[in-house]
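Residue strings, one per chain:
4 protein chains.
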Amino acid sequence: MPSPFNQLHDAMEQFATDRDWDQFHSPKNLAMALTVEAAELQECFQWLTEAQSTELDEKQLSAVRDEIADVQLYLIRLAGKLNVDIEAACQAKMKKNAEKYPVELAKGSAKKYTTYENDDS
Amino acid sequence: MPSPFNQLHDAMEQFATDRDWDQFHSPKNLAMALTVEAAELQECFQWLTEAQSTELDEKQLSAVRDEIADVQLYLIRLAGKLNVDIEAACQAKMKKNAEKYPVELAKGSAKKYTTYENDDS
Amino acid sequence: MPSPFNQLHDAMEQFATDRDWDQFHSPKNLAMALTVEAAELQECFQWLTEAQSTELDEKQLSAVRDEIADVQLYLIRLAGKLNVDIEAACQAKMKKNAEKYPVELAKGSAKKYTTYENDDS
Amino acid sequence: MPSPFNQLHDAMEQFATDRDWDQFHSPKNLAMALTVEAAELQECFQWLTEAQSTELDEKQLSAVRDEIADVQLYLIRLAGKLNVDIEAACQAKMKKNAEKYPVELAKGSAKKYTTYENDDS
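Chains Z, L, A and W, in that order, are what the protein sequence lines are.
Residues 1 to 121 in the working numbering are what the first sequence spells out, letter by letter.
Residues 122 to 242 in the working numbering are what the second sequence spells out, letter by letter.
Residues 243 to 363 in the working numbering are what the third sequence spells out, letter by letter.
Residues 364 to 484 in the working numbering are what the fourth sequence spells out, letter by letter.
Isolated chain Z (complex conformation) (with noise of 0.2 Å):
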């Protein structure tokens, strides 16, 4: 059974041979597109406290859920263009973020929530 990300990568990138819109669609390009995307999907919450957050309503849902669907086909897009095997990257992110946060330190904590202290801007 071929991988949900394969199924929409390719799917991806008819929609875009159709179209003839992969002159647009340089890595960089879709970088930016991606972040303006989640920008967007951020933008749902900006007004909202954490608590109303958890707490949408149909209409909020529905955008959001546009919203997510637009980060994640540009995601895909993107990785497809550099040969980034999506699963694979986060399988072996996970297993970094273990090592960098061992339970023992990490629990409760919200140390690595410390922007400051790498902040090399």
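Note that these hints are calculated values from the structure, not bench results.
Among these hints, one or two may not hold up.
As the list claims (entries may be wrong) - Okay, the calculated beta carbon distance ranges per label pair: (1) LYS221/L x PRO2/Z: 46 to 56 Å; (2) LYS470/W x GLU171/L: 18 to 28 Å; (3) GLY471/W x ALA51/Z: 46 to 56 Å.
To be verified - Simulated crosslink set (DSS-like; lysine-lysine; CA at most 25 Å straight-line): (4) LYS301/A x LYS100/Z; (5) LYS107/Z x LYS93/Z; (6) LYS422/W x LYS301/A; (7) LYS59/Z x LYS349/A; (8) LYS180/L x LYS100/Z; (9) LYS458/W x LYS301/A; (10) LYS202/L x LYS81/Z; (11) LYS228/L x LYS81/Z; (12) LYS228/L x LYS59/Z; (13) LYS323/A x LYS456/W; (14) LYS456/W x LYS301/A.
Unchecked claim - For the chain W half of the interface with chain Z, some residues (derived, Cβ under 8 Å), not all of them: (15) PHE387; (16) ASN392; (17) ALA396; (18) THR398; (19) VAL399; (20) ALA402; (21) GLN405; (22) VAL466.
Note that the Cβ used here is the ideal one computed from N, Cα and C, for glycine as well.
Since the structure of chain Z is already known, use the hints to place chains L, A and W on it.
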């Protein structure tokens, strides 16, 4: 066979539970984290030309792989919190896109690509 | 007395010229860099509650100050490349906003804050 | 003569007070809004080539002007909430940058522009 989305979802959930990180993972916060990871992915390309972005060396590609995984993992985590089926959302969105951009009208045109016309996809 | 926008603009331009970085500073690339810096600024807040975000300690504030500066500097650089007068643009936008959100209608309402209604400000 | 930063700050504050919007304007939320506006600005450029991004027509430029203003206004609002003096922060950051990228080392080099050298995501 379980979908890779489901497998990754369950692994992420276990990871967060083990570390007692669920307290930080409101949909609002996860949407923020997702955008930050998308921006980190974009950063890999920002000073490259479009042509260069198609020819990454192994070091660049390794960084890109990690960032793609970060985006994917937060997206799965966010979707899980909201009970959104990513695959179904993608199928529905692709159908909408096909209606919004009919081949005969969209072909080879960058018309889609004007932000000021109110593209709220 | 020259505007601080102009002073910072000229200092940034000199900085880039000295390093021969102008070749990287197309409006497209500067817009990308601006978003990346905005995301880094956002990252400082992403795991904080709203209440915590109002009470940063000195270490957090120092990181935030640097990121605010990065956003400001890239914005000035981008505006300069496009001959946009930031101050005039702000005045014009505030006037538009005042018309779009009349006090009597907008007061105390989060209605503005629905992303799905097509807010393209 | 008051700084344009101060003038815009005061006008923004009055605007929010008049509409009772202060309740939404935690630093966390303002940082989110800032990123969303930066992404909207970026969206104006995402399907353009770098060369095209230097030659916007009046319609494109008008959209860009509005987005630049949105970024600037949220940045001023966020800085105001945190009592950050933007101009001083910029001066301090430019000094840091000058030390970090000495002319003789940085000249003509894109070496700064490698994200993966410090990637701690």
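Evaluation of the provided hints:
no. : hint                            : result
1   : LYS221/L x PRO2/Z: 46 to 56 Å   : 26 Å, violated
2   : LYS470/W x GLU171/L: 18 to 28 Å : 25 Å, holds
3   : GLY471/W x ALA51/Z: 46 to 56 Å  : 52 Å, holds
4   : LYS301/A x LYS100/Z             : 23 Å, holds
5   : LYS107/Z x LYS93/Z              : 19 Å, holds
6   : LYS422/W x LYS301/A             : 43 Å, violated
7   : LYS59/Z x LYS349/A              : 23 Å, holds
8   : LYS180/L x LYS100/Z             : 20 Å, holds
9   : LYS458/W x LYS301/A             : 19 Å, holds
10  : LYS202/L x LYS81/Z              : 30 Å, violated
11  : LYS228/L x LYS81/Z              : 20 Å, holds
12  : LYS228/L x LYS59/Z              : 32 Å, violated
13  : LYS323/A x LYS456/W             : 21 Å, holds
14  : LYS456/W x LYS301/A             : 15 Å, holds
15  : PHE387                          : 5 Å, holds
16  : ASN392                          : 6 Å, holds
17  : ALA396                          : 6 Å, holds
18  : THR398                          : 6 Å, holds
19  : VAL399                          : 5 Å, holds
20  : ALA402                          : 3 Å, holds
21  : GLN405                          : 6 Å, holds
22  : VAL466                          : 20 Å, violated
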